[in-house]
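> Below, each chain spelled out in residue letters.
2 protein chains.
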Amino acid sequence: MSIDSAAPAVTEADVREVAARSRVAAVELALVTRAAKDAALMTMADALDAATTDLLTANARDVEAARAAGTAEPLLDRLALDAERVAAMAQGLRDVAGLPDPVGEVLRGYTQPNGLEIKQVRVPFGVIAMVYEARPNVTVDAAGLAVKSGNAALLRGSGSAYESNRALVAVLSEAASKAGLPADVIQLVPGTDRSSVNYLLKARGLVDVIIPRGGAGLIKFVVENSSVPVIETGVGNVHVFVDASADLAMAERIVVNSKISRPSVCNSAESLLVHQEIADEFLPRITSALQVQGVVLHGDRQFAEVNGDVVAATDEDWATEYLSLDISARVVAGVDEAIEHIRRWSSGHTDAIVTSDLQAARRFVARVDSAAVIVNASTRFTDGGEFGFGAEIGISTQKLHARGPMGLPELTSTKWVVFGDGQTR
Amino acid sequence: MSIDSAAPAVTEADVREVAARSRVAAVELALVTRAAKDAALMTMADALDAATTDLLTANARDVEAARAAGTAEPLLDRLALDAERVAAMAQGLRDVAGLPDPVGEVLRGYTQPNGLEIKQVRVPFGVIAMVYEARPNVTVDAAGLAVKSGNAALLRGSGSAYESNRALVAVLSEAASKAGLPADVIQLVPGTDRSSVNYLLKARGLVDVIIPRGGAGLIKFVVENSSVPVIETGVGNVHVFVDASADLAMAERIVVNSKISRPSVCNSAESLLVHQEIADEFLPRITSALQVQGVVLHGDRQFAEVNGDVVAATDEDWATEYLSLDISARVVAGVDEAIEHIRRWSSGHTDAIVTSDLQAARRFVARVDSAAVIVNASTRFTDGGEFGFGAEIGISTQKLHARGPMGLPELTSTKWVVFGDGQTR
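Sequences listed follow chains D and B, in order. For reference, each letter of the first sequence is one residue, going 19 to 443 in our numbering. For reference, each letter of the second sequence is one residue, going 19 to 443 in our numbering.
Among the hints, erroneous ones may be present.
Below, computed lysine to any residue pairings styled on SDA-like, alpha-carbon distance capped at 25 Å [claimed, not checked]:
id: 1; chain 1: B; residue 1: 137; chain 2: D; residue 2: 354
id: 2; chain 1: B; residue 1: 220; chain 2: B; residue 2: 184
id: 3; chain 1: D; residue 1: 238; chain 2: B; residue 2: 222
id: 4; chain 1: D; residue 1: 238; chain 2: D; residue 2: 222
id: 5; chain 1: B; residue 1: 238; chain 2: D; residue 2: 223
id: 6; chain 1: B; residue 1: 238; chain 2: D; residue 2: 126
id: 7; chain 1: B; residue 1: 137; chain 2: D; residue 2: 124
id: 8; chain 1: D; residue 1: 238; chain 2: B; residue 2: 31
id: 9; chain 1: D; residue 1: 220; chain 2: D; residue 2: 196
id: 10; chain 1: D; residue 1: 220; chain 2: B; residue 2: 233
id: 11; chain 1: B; residue 1: 238; chain 2: B; residue 2: 344
id: 12; chain 1: B; residue 1: 196; chain 2: B; residue 2: 112
id: 13; chain 1: D; residue 1: 238; chain 2: D; residue 2: 213
id: 14; chain 1: B; residue 1: 137; chain 2: D; residue 2: 126
id: 15; chain 1: D; residue 1: 137; chain 2: B; residue 2: 184
id: 16; chain 1: B; residue 1: 137; chain 2: B; residue 2: 124
id: 17; chain 1: B; residue 1: 220; chain 2: B; residue 2: 243
id: 18; chain 1: B; residue 1: 137; chain 2: D; residue 2: 402
id: 19; chain 1: B; residue 1: 220; chain 2: D; residue 2: 337
id: 20; chain 1: B; residue 1: 137; chain 2: D; residue 2: 283
id: 21; chain 1: B; residue 1: 137; chain 2: D; residue 2: 263
id: 22; chain 1: D; residue 1: 196; chain 2: D; residue 2: 402
Hint data in this document are derived by calculation from the structure and do not stem from the laboratory.
Construct the entire structure; sequences and hints are all you get.
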């Protein structure tokens, strides 16, 4: 299964064979106790620490190849590992070991009039596939969360991180095996080109769910081509609406924080809507506060009149997830026009209102159809860690199964267990 | 949108236009109170009663056309309506009105250390599409459950029931409108050929979820071709394993009931597994008990030796959902071989064990990976009504979102609502 640029192309049979091994491993893993899973996670963490030098060597090959291919600096930074990042990944596994085990939780349980005892119990999915880009830490995060929730992890990172991911998976898989789990609970999908992703997307019956993480293009490709059920994640065209009744100092803090604290992530604000009634006062203030931080505003006519550094916005700006120090900005007639704008352009990730008006807050919360709707706080709080989940596999922007930040329970399915004494119908 | 055999083919634009109207209606419906939804359901029920004559006339055209096309009697019976069946559909709507409203239920709610108040609330999906076969009562059931759960229903019944469904949807939609809901909360997808289903499957963004109900072929087609998220339902290759420790009188009752009480439905048993140790005693007994009820056994060598009416089973029998008075039957070495057989052949709907041995029961429950695992009761209990849901939209055999019988809560998504006082990160 070793693949390099000179290797023959990966076939569908190769991918299915790996997926079939994940399925066999998943059957065994589903029955493993919490204690054994946690011990394996600790062993995996120690193994990462011990293998730091080898991991950095493998990663250096990826970084070198990416640099030679002209990859931009921010992407190189996402790809690169150092000793500190390896230690952080190992610590992440130890943290996951400390989280409660979702498997076995009884969600509902009752006795029917005919004496049947019915309960709904959390069980692992089986095989979870992740398709993701650049950052090698996703490999370790996903493997840790999958093992903890009793699922085999079938990982397909980006081609540019192939050497890093192969080295990480080898260390994790060997450690899992040493701790008594099947080695195949963590596997890498062979191949570095899109055809191997395609084979994975057709492996219905072998793979229970596919979670894509990455840019809009990758996610769209997976969603449109998969016959395996998909959990769509992450694209965030995120809005902040500043209502007429807003505390303007609070509004400024929230808008600036939502935009600049980490512009490259999905819960960062991409669009600012301001109530007409406060435009005269708030537009110059927020424009200047954002520009001071290096933000480029793409504004409507009223914003463009504030100063010459505001770029004129087009419809494309309302649709764009910049993931950079850019923000689109417009004035709206009121909360209803803000809601209408959001319903049209939002990706359904996170949208926020800053207001002191109870009716406006309730109206916004009821009518904005997004995974997270926030009143008077930064959009950056839509996050598994900030929601108190302890860990996060991604942020779902679809309505099926999981919506918003996904923690361990979102990586499980359920099973109905019925006990009777010979009842018939 | 009126379609008959002489009408021009339905285009993708036609289907998308109807779906877009469903989406607009869904936005409004999501904000309607429980009282208004329940009142609309009662109005819809009364309207069905009042329209009985017209509905039967429309249905008679479908039945006549189906009979002329040589449709088999059992299918004609599923298609046919009479006054009693119309009254039962109306009563079904009144029953749904009496069920609790899932929308607005707070599933989780807590305050974070930084003061953020976070809650997870049930919200409607938006637009639910159903693709289903023959029985016109599904049209009314689906419309009622969708409206109750705040979702617009976009319905695509079988071509053979088109006149019936068109008449039913016209009555329901008009009644909904009379009760103050948007008329488009209940719509029929135009067209009677597979291309209109195909257009529906591509309407991602307009349709939130598609639920297919019908034969294995229909479900497979929807699953493999949809870019809209799907909830797979219903194919039931259902097993009963009779353990060595079973009370044989109970085992006989459960096997016979699981097979014969309604052979055409998905929770009926299709395969019988018997522990080797009791084969000498139990095989003649169960074979005779089933044959007396007109059941044809497709048995392994040991079953075939019981009497000449047992047909020799092939691998195809283990894979078959007969939906008729047939059952495959084999002897296994013990609970582990039974589990192995079930893991290989079961469709993951329902599998049962009859046993008096606690370890065998626990082993079976833990290792059989099906939506419902039943100990000492008929497989026919996997049913929304029997589970106490009050209503059922289908039985999910997938692991994502919902597994097993689906009631009103399974027709909803969730939204995270966060209230703060200006918190930033």
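> Now tell me, hint by hint, if it's right for this structure.
Evaluation of the provided hints:
1. B:137 with D:354: Holds. Residue 137 (chain B) to residue 354 (chain D) sits at ~23 Å (cutoff 25 Å).
2. B:220 with B:184: Cα-Cα ~23 Å, so holds.
3. D:238 with B:222: holds (11 Å)
4. D:238 with D:222: Holds, at about 18 Å.
5. B:238 with D:223: This hinted pair holds, its Cα atoms lying about 12 Å apart.
6. B:238 with D:126: violated (30 Å)
7. B:137 with D:124: holds (21 Å)
8. D:238 with B:31: holds (22 Å)
9. D:220 with D:196: Status violated; Cα separation ~32 Å.
10. D:220 with B:233: This hinted pair holds, its Cα atoms lying about 22 Å apart.
11. B:238 with B:344: holds (23 Å)
12. B:196 with B:112: Holds, at about 17 Å.
13. D:238 with D:213: Measuring from Cα to Cα gives roughly 16 Å; hence the hint holds.
14. B:137 with D:126: Given pair residue 137 (chain B), residue 126 (chain D) holds - Cα atoms ~20 Å apart, limit 25 Å.
15. D:137 with B:184: violated (40 Å)
16. B:137 with B:124: Status holds; Cα separation ~7 Å.
17. B:220 with B:243: holds (8 Å)
18. B:137 with D:402: holds (13 Å)
19. B:220 with D:337: holds (21 Å)
20. B:137 with D:283: Holds, at about 23 Å.
21. B:137 with D:263: Holds, at roughly 24 Å.
22. D:196 with D:402: violated (30 Å)
The structure fails hints 6, 9, 15 and 22 (numbered hints given earlier, in ascending order).
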